[in-house]
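S.K.: Residue numbers (my numbering), protein chains in the order written: chain D, 1 to 264; chain W, 1 to 351.
Worth flagging that the hints you see were computed from the coordinates, not collected in a lab. These numbers were taken from a predicted model, which means no experiment stands behind them. Glycine included, C-beta positions come from ideal geometry on N, C-alpha and C. It is possible that some hints are incorrect.
Here are some chain D residues pointing at chain W (derived, C-beta under 10 angstroms) [what the hints assert, rightly or not]:
| hint | residue |
| --- | --- |
| 1 | L48 |
| 2 | A112 |
| 3 | G232 |
| 4 | I263 |
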Amino acid sequence: MIDHRSVAPTYRLAWTIPDTLVIARRNLLRLIRLPQLLVWSTVQPVVLLLLFNYVFGGAINAGGLKYIQYLLPGFLVQIVVFGSSQTSVGLAEDLSRGMIDRFRSLPMARPAVLAGRTLADTLRYTFLVLLMIGVGSIMGFRFHNGAPFAVAAAMLSVLFGFAFTWISAFIGMSVKDVETAQVAGFVWIFPIVFASSMFVPVETMPGWLQAFAKINPVTVTVDTVRALSLGGEIITPLWKCMAWIGGILIVFLPLAVRRYRRIP
Amino acid sequence: MAGGTEPAKSARFQGEAAISAEGLHKAFGKIKALDGIDLAVPPGTVTALLGPNGAGKTTFVRILTTLLAPDKGTASVAGYDVVHNPAAVRTLIGLAGQYPAVDDNLTGRENLEMVGRLYHMGGSEARRRAGELLEGFGLSEAANRRAKTYSGGMRRRLDLAASLVARPPVLFLDEPTAGLDPRSRLGLWDVITSLVRGGTTVLLTTQYLEEADRLANNIAVLNNGRIIEQGSAQYLKECCGGDVLVQLRLADHAQTALAVELLSTLGDGKIKSVAETGDISIPVVGGPSIMAEVVRRLDAGGIALAELAMRQPTLDDVFLALTGQTTEASTEDVAKTTVSKRGRRFGRRAP
């Protein structure tokens, strides 16, 4: 006889948070134990920031601002968006090594493997954002709007990264191998990063591109972070930005979890 | 094996099958991975799924461990339906997949503690259980080293230990000894044997016939998504393995014809010989008593023996007869063995 009684409340929503923390800890340990990965993923954005500032800085007209002032808020957003591509790579790795199968055979909360990964990655972004603010300050960047807004700017960048991590998690659950994840995790990021107000004012682009750049989530987030950092209109870009973050999470969080539950 | 691996929860499904499947179908596109599988595994026994690559073994295990949904049919594990109550099934099973699922960047201990926490053990309980298992699997010394530094055999043991953290009454092992050296393989067999003695039900897949022969109470031969035959190793050998052969080689092959004449009334009379080498084989039904008679007759005829052996059919023969394929472990070429399916060649000794 087959028993249809539902069993032990061990598998309930209540376990989502503890299970997520166990997985997040595992992913953070990995970061700490691969010091080379940590060093290089830290050096890379610093090198990029230096290059962008000193190579393009002289040529780009940033509306009368010193270029580092214009660049850094965008750079905070850039770093979390590019960083999010690593989520799909990590998950594809877990998938190919059978870790995901093991987790799926355990009585753990279903979203925990993905949530643990995105949480760990979000902590990584926090570190990178703070690092970039530090390096930027050495290069002459200053917050003009006071400490509370500076904190809000950093937090918004991290939150935006958290949302993007879920897109990346969905990609990681959808591709068949690590190599594909490496490519698929990146290609869609380039257009939205560069066709935005991140490096140059949108008004300098051709009209058709401006149309895209203006609704680009990266643009509205960069504009918000910039306004929080330097002053200016905050409310309008902020609600657009929050709408994007909410929209991305509402769509991609369930999609990614659904993928996880039904890996073919 | 040290203690601490005995299952705590096996009592609740006593008297019914620990694992059962009825009419399971699963297709991937046009490929029918499972084409109607029925299987019942009684509690506390070992069933081996034996089959060539692509026979559907792993697909079957993935369905039973809730990783994959079947297209058709039902399956239950420890009394719970795998489709309708997967959460309950997951609390009662352990799975060691085809490749060891251990996190290279964590230590052996951290790997096991993590699994314990994900079974919702408390911190101290997870620590204690990890310690017990590391000890039991001979990994105590390596416990605080990262799994990256482990040998293949150690990774397998750690993986198996991870599948046992919650003392599951039902254990699934997908090719548990693939790629292991003979010593590690023997060690793992001992572990599995002691688990079963403690009451655990085991379903394992394997390509190694010796493994199935050694461990399993029941062997199900899978081919093209169907179970084509099942039973004990002994039953399979009798039903599908062909004859028992007495094989002998003469010291002087010039005496072959004389020897054949002397022995011709033994066995079922279908004696075969190769005059160039002095090899003779006699299919028999009787059993070992015939060996003495062979020696007596040849001795009386003044014929000296170089070798004398009785060859039991092996699971290899069964497998071959049923699937028309060799296993990965066998090095024989297929064309040759298909031809000599029943009349086995000379020169192969009983294991």
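S.K.: Now tell me if each hint is right for this structure.
M.R.: Going through the hints against the structure:
no., hint, verdict
1, L48, "violated (27 angstroms)"
2, A112, "holds (8 angstroms)"
3, G232, "violated (44 angstroms)"
4, I263, "holds (7 angstroms)"
Checked against the numbered hints above, the structure breaks hints 1 and 3 and satisfies the rest.
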